[in-house]
Amino acid sequence: MNAQHEVFEEELAAYALGTLPPEEAAAVVAHLAGCPVCRETVARYRETATALAYAVPLRPPPPRLKARLMARVRRPQRGNWQWLGMGAALVVATLLLTLAAPVIFATRPSVAPRVIPLQGAEAAPDAEGYLILEDGQGLLVTKGLAVPPEGQVYQVWFVDPAERRVSGGTFRTLPRPYGVYTVTVPSNFPLYVRIGVTIEPEGGSPRPTGPQVLRGVLR
Amino acid sequence: MGDPAVKEPGYADLDDAALLMRIAGGDEQALAALYDRHGPRAFSLALRILGDPETAEEVVLDVFWSIWQHAGTFMPERSRFTTWLYAMVRNRAIDALRRRRVRPPRAYEIEPESAEAAAADPTVEALAEAEELSRAIREAMAALPEAQRQVLELAYFRGWSHREIAEYLGEPLGTVKSRLHLALRKLHDWLAERGLFP
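Order-wise, the sequence lines are chains A and B.
Offset between the first sequence (1-based) and our numbering: plus 19.
Offset between the second sequence (1-based) and our numbering: plus 18.
Derived from the structure by calculation, the hints contain no laboratory data.
Note that the structure is a prediction, hence the values are computed from the model and not measured.
Quick reminder that beta carbons are idealized off the backbone N, C-alpha and C, glycines included.
Errors might be hidden in some of the hints.
[Claimed, not checked] Per label pair, the in silico range of CB-to-CB distance:
1. A:A44 - B:A36: 31 to 39 Å
2. B:A35 - A:A44: 28 to 36 Å
3. B:L191 - A:P180: 47 to 55 Å
4. A:S206 - B:L145: 44 to 52 Å
[Unchecked claim] Quick partial rundown of chain A residues pointing at chain B, CB under 10 Å, derived from the structure:
5. P40
6. T67
7. L77
Between the sequences and the hints, there should be enough to build the whole structure, so can you do that?
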């Protein structure tokens, strides 16, 4: 290990623990991109930091924690869209088929769910999708959205005529051709005129900060 | 099957990566098994950081919910699950700490080996490994010079930056950085000598 790496190790230890301020952390990240030796060092320090979790005295969690987790998991979620009602479920199935094949189905069930087509925006020109709305609940069906980089997520935005934006939630895609994600629709939905999806840091942002991948017109 | 006290049979022999694969496929029992194995320690870490069991509960619920949703993105060849898990718990607990301004607990005191078996119930092998690691890390912490241990605790359990630690202790920034580095390196070497990693 040469002298440069020795001196730098203090920064790496701090980076592994998360104690560096953003500018210094950014400098470390830039260095790591080109330095496998230092990446290895950071990985080892991270593992060491993990060991500190074992230094803590064990306290049993309340039994309701597991019960709450399992209850949440068992509620109908992404992939299981019976909660939307038969009409929307048929629409979703139709749309997935539509996205899979260039043939547009001539007949569509005439149902209450509203379907809004979305087009790829500058950060994902080949992506496409649909927002499906029924009874104040929303589903986003996407095609061609890559898995976001580590530490980032997609975030849905509803935009009003004054360009104010409200978040419809975040999601991460899996490496599959299509995805279906739940969207939180704002209660004053008729106010909004456009919808967009951007790339944001994990956990989401209060306002869009990243590039846009999908967009659509609501009214 | 909804009884929270019942342990998931059959899954205890699968390692974390195997459980995660099943979770990615929507297997709820695999998630329950993963929670049985790691939940208590995750809760204990959150509690140590926050000092408040209600918030600790929310953090752990949030983390395991994320695991449920993102299990498919975990790559076992790049990292251990426990590294990922405890990093998530620590990060979210520190976020919650900052948001709620919960008063952090007093300085960590090294506890004698207690009856940990009551809290966790993984496979016999995994339990022995966890106990061994717990013992080793506590010995390692006790062996650190007080000044180094203090800096490490402030960084890890409170999530403070160098600047915040230096201000709190009234020490120069460079001193804090070097103590942190020395502490982490000593812990690493101690664990490596004993062939132990989380």
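Numbered hints the structure breaks, given as an ascending list: none
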